[in-house]
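K.L.:
Chains A and B, in that order, are what the protein sequence lines are. Sequential numbering of the first sequence, starting at 732, is according to the numbering used here. Sequential numbering of the second sequence, starting at 48, is according to the numbering used here.
Calculated from the structure, these hints are not laboratory results. Treat the hints with caution; some may be incorrect.
Below are the DSS-like pairs computed for lysine-lysine, each with C-alpha atoms no more than 27 Å apart in a straight line [to be verified]: (1) A:K848 / B:K119; (2) A:K925 / A:K750; (3) B:K268 / A:K925; (4) A:K885 / B:K275.
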Amino acid sequence: MKNGTLKQILLLTDGCSNKGEDPSATAALAYQQGITVNVIGILDDDQTESPDGLQEVEDIALSGGGVSQIVYSESLSQTVQMVTRQAMTQTLQGFVNKELRQILGSDQSLEDLEPEKRGEIMEVVEDLGETSDLEVLVLVDTSASMHGKLPTVKEALIDLSISLNSRIGRNRFCIYSFPGKRKAIQKVFDWSPKLDSISAVFPKLTSGGITPTGPAIREAMYQFGKKSLLRSFRHDDESGMEEAGY
Amino acid sequence: MMMNPAWKKQVIELRPGTRITGKWHLNKYTIQKKLGAGAIGAVYLCEFEGKPAALKISEKGTSMTVEVNVLKSLEKVQGNRLGPSLLDVDDWVTPAGNVLSFYVMEYLQGETLAHFIGTHGKDWIGVFMVQLLEDLERLHRTGWIFGDLKAENLIVVSSPPRIRWVDVGGTTRAGRAIKEYTEFYDRGYWGMGTRRAEPSYDLFAFVMVFLNIYYPNRFVKTGDQSEKLLFKKIDHVKDLHPYRNILKRAVKGSYHSSADMKREIITAINEVKRRQSYHRKKSKLSLHQHLVEPGGIGVLALLFYLFSLLFQ
């Protein structure tokens, strides 16, 4: 089996959207195009229960084919890497399940197999997760209430880069913030295999008032398209990497 | 497609007396009490055919399958068992119709490392270091890295006291990215290296296991001076003095195999023993030499020590 590239949007937010289209709908659209949308809802350390707005967090991930998690900012680092890995496994598993259905019949999935056989298949999924190339577009909500959490977000992203770069497969990251100045999103950090140089760019982030999550996801989705166009233009030999098959 | 949507839900609560029958192998287990809960599922003490066993149950079927795979590969390692032995793997259909995955392991009874050292003394530190390094060495030789090595995953079983691994869920094939980790024990968190599964990753966590005995509340990083901080923490523990240089080298990732580190620990232990017997000999040769009888050596040494304290 040839390894493709897994594409993910990782949305970090602390509340609900209040402008533009429904974020769940745009997430579904992204998923349709082979991009998984994961969402992490960040709570303040003194918040005891999750506010109603964070129901949206779960909904976006559900229609985006991804994983969601609500956390206190202190445990953000571990959560970010767990969510990313979990989503990779989930995507790969969906792919394997599709293959299984073709072999075993329409209703069969991994759970319907005996535990022994399941083990063998999971080994394949794990192998794929380790060796697949991964592209993560990090989308950071920089509306006013996020301001105090940005240093933790920075730490968590550097940590994510440490984790993912310990894999065998290749990685590419980029960071966008929203709302942007004139557009829905704003580029913070361009596609790069490592995130350790983001310390310089993070303090420059300014906080805005509105939270246009839906339009932000839509714009983020286009960044994958743009980049692959550019890349296939520049490095013809690498274009084969884009034949993902999801 | 949505394999684990239940991921963020709480752990499964089973009441004592609940009977669990496997969907595939039809074995019957009776739940007795909860032993613990982690990121993936909960572990219960259960009874199977009159014998106690540990049963791990979770909604996360896939993660459980991965853990079972690890346990199975560890079974193939020759010699002393590295992890608990695996007895059964199955699914349970709850009365409500949900399917949960579970596996059953040998039930290991013992006490925590910190508790054992607290009651039996620091002489055991070296012993457990060597035991743990020996097990790690055998694991590493088969191409696996423990990963989530921490106090909670270790237990001291009695007669003879031996350190054993209770949870091997984080075990990762060498060369891959560490699957599961706990910040305090993770060199990535401290900025002291990558999360690639290699022997030196486990050896870093090894140091933290022994530091954790003396810093039960653990500590967190402060700025970018992690190496300095960790060295200071090692230096502050008197019981770890004989091993401090070795531990520091492990923190820096200088050991490429557990065998190398074990060799140096053994040398350090012998050094301590030699020095102890040298001191004993010297005190024997002093003033009281003619009074000393074999049984009384200890008492006299103690008295002498107390007097010397009084007249200082």
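K.L.:
State for each hint whether it applies.
P.N.:
Status of each hint after checking the structure:
no.: 1; hint: A:K848 / B:K119; result: holds (13 Å)
no.: 2; hint: A:K925 / A:K750; result: violated (32 Å)
no.: 3; hint: B:K268 / A:K925; result: holds (22 Å)
no.: 4; hint: A:K885 / B:K275; result: holds (24 Å)
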